[in-house]
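**Student:** Given next are the chains, with one letter for each unit.
2 protein chains.
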Amino acid sequence: MAASLKLTSEYRCFDGTVGFYCHQSETCNIEMRFAVYQPPQAKSERVPVLYFLSGLTCTEENFIVKAGAQRYAAEYGLMLVVPDTSPRNTGIAGEDEEWDIGTGAGFYVDATEVPWRSHYQMYSYIVRELPALIAENFSVQPEQGIFGHSMGGHGALVCALRNPDQYQSVSAFAPIVAPMQCPWGEKAFSRYLGTDRDSWRTYDATELVLNANYQRPILIDQGTVDKFLVDQLKLELFASACAKANQPLNLRMQPGYDHSYYFIATFIEDHIRHHAAALLN
Amino acid sequence: MAASLKLTSEYRCFDGTVGFYCHQSETCNIEMRFAVYQPPQAKSERVPVLYFLSGLTCTEENFIVKAGAQRYAAEYGLMLVVPDTSPRNTGIAGEDEEWDIGTGAGFYVDATEVPWRSHYQMYSYIVRELPALIAENFSVQPEQGIFGHSMGGHGALVCALRNPDQYQSVSAFAPIVAPMQCPWGEKAFSRYLGTDRDSWRTYDATELVLNANYQRPILIDQGTVDKFLVDQLKLELFASACAKANQPLNLRMQPGYDHSYYFIATFIEDHIRHHAAALLN
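From first to last, the protein sequence lines are chains Z and V. Using the UniProt record's numbering, you'd call the opening residue of the first sequence number 1 and step up by one each time. Using the UniProt record's numbering, you'd call the opening residue of the second sequence number 1 and step up by one each time.
Pulled out of the complex, with its shape left as it was, chain Z reads as follows (with noise of 0.2 angstroms):
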């Protein structure tokens, strides 16, 4: 194990392990936390491995103790990683304030401005730190997936449209499309990234498929009665990008699911065997 990498509980889960561990991030130059589900295959063979970004106050536990995706990946062979949504205990004055800035509400952006540059990296810990770590340290494969929920599932797109050579497939639940044209993605940006608007678009899923090349098809689910729908994740936003851009997209309206841990539960199994098509060949 590397030295910085610290395990700080386990727990025996459908035959694999659960693990929660901690590292000092040189990215984000601070502690940072995530969870992985080593799936039983993973004692004797090198599997692919599946990254899940939570959303908005979430830690790396939520999806592991919420989803039931630990029966999926133990299923299908593949590994689950959990990352923080943010640095935390950095210092930086307010960042325990508000709940959709700083400490739960990363973004999945790299921070330019002042005060947050200084440990809110999350785009690069999650693309490119954080899978060297794994890669180092478990029995994986190279292949990668990456999917995630609100603010997650708007950074597992931003990661894979920007880098479709390294996540072989992407899903989101209930994702934020167009951080640009909506409040919580509006607020988020113009504090990490200044009031540049231009500078904005590498983190906007909605902008990124215009130009991206992914080809692979994206799986969305969304319910059609979760409360943030219509003035925060704007899905009919990416569907009409995605249909200019040639993107294949397969968006699951589900009626009467909202935006909790229930509805993702719900889905969880078509999501890991999504992934797991396109990672297991």
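A portion of the hints provided could be inaccurate.
You can't tell identical chains apart in this list, so a pair holds if it fits in one copy or across any two.
Taking lysine-lysine pairs in the BS3-like style, the calculated list, with each CA pair at most 25 angstroms apart, reads [stated by the list, open to error]:
no.	residue 1	residue 2
1	227	6
2	66	227
3	187	244
If you're looking for bench data, these hints aren't it; they were derived computationally from the structure.
Use these hints to put chain V onto chain Z, whose structure you have.
**Tutor:** What follows is chain V alone, placed relative to chain Z:
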């Protein structure tokens, strides 16, 4: 809906509905809370009910959020009912002071001692008041099964062994099987039931099974690295009593598993299938 039954929140889940309820309990003489998962089948027919009793410190929410049970309740068409683990906010002095007595620690007994007896009537609540309330308000058949975890495993075994005609199936995860012979049980029973140990026997599965006539097989899963196994759970005492009484017992020692919901989630499918086999016919 009965006048006093109040729906506090509701979520679509696996094409059914998770609901959290509260009502004024006559038995406990205070507001009580419980969760219900109504599977999709309940929209068009009456379905059997499966009660889950939770462990120390839990509310009606833990199992619903963490166990992954709704997936299988939806598959088999069982209604899940998950009561809280005790009355709350009763005003009894000291109710919140100890994690293993009072709030979150009702132990599924009818307390006979002051100050608890005015509200802590969990056995009668679970066996009589709650099933009547469920029958009155939900689309259910008379068939009932019951299972639980730790303190709730104790509760499930006691309810089933004392009421074999009411509960057609029973199972448990890491149950307290001999409360008269472990520190948790001795502490709780002496506070709730007083110092006459003879009065404890009707709440001790290892005692009850000797004279019960349950006949149907009991399923128990127990992790081998559960830190409570040796001092508190003592499964071997129940196994011996079952052998002596010719009670069929499927006790599965699960290597490497602990006392957590990661353990429960791993084996929940088997338990729900065990109950479905008895309740659906």
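**Student:** Now tell me if each hint is right for this structure.
**Tutor:** Consistency of the hints with the structure:
In this assembly of identical chains, the alpha carbons of residue 227 and residue 6 lie at most 25 angstroms apart only when taken from different copies (22 angstroms versus 38 angstroms within one copy). Both within a single protomer and between protomers do residue 66 and residue 227 lie at most 25 angstroms apart by alpha-carbon distance, with minima of 20 angstroms and 23 angstroms respectively. For the homomeric pair residue 187 and residue 244, neither the shortest alpha-carbon distance inside one copy (27 angstroms) nor that between copies (68 angstroms) is at most 25 angstroms.
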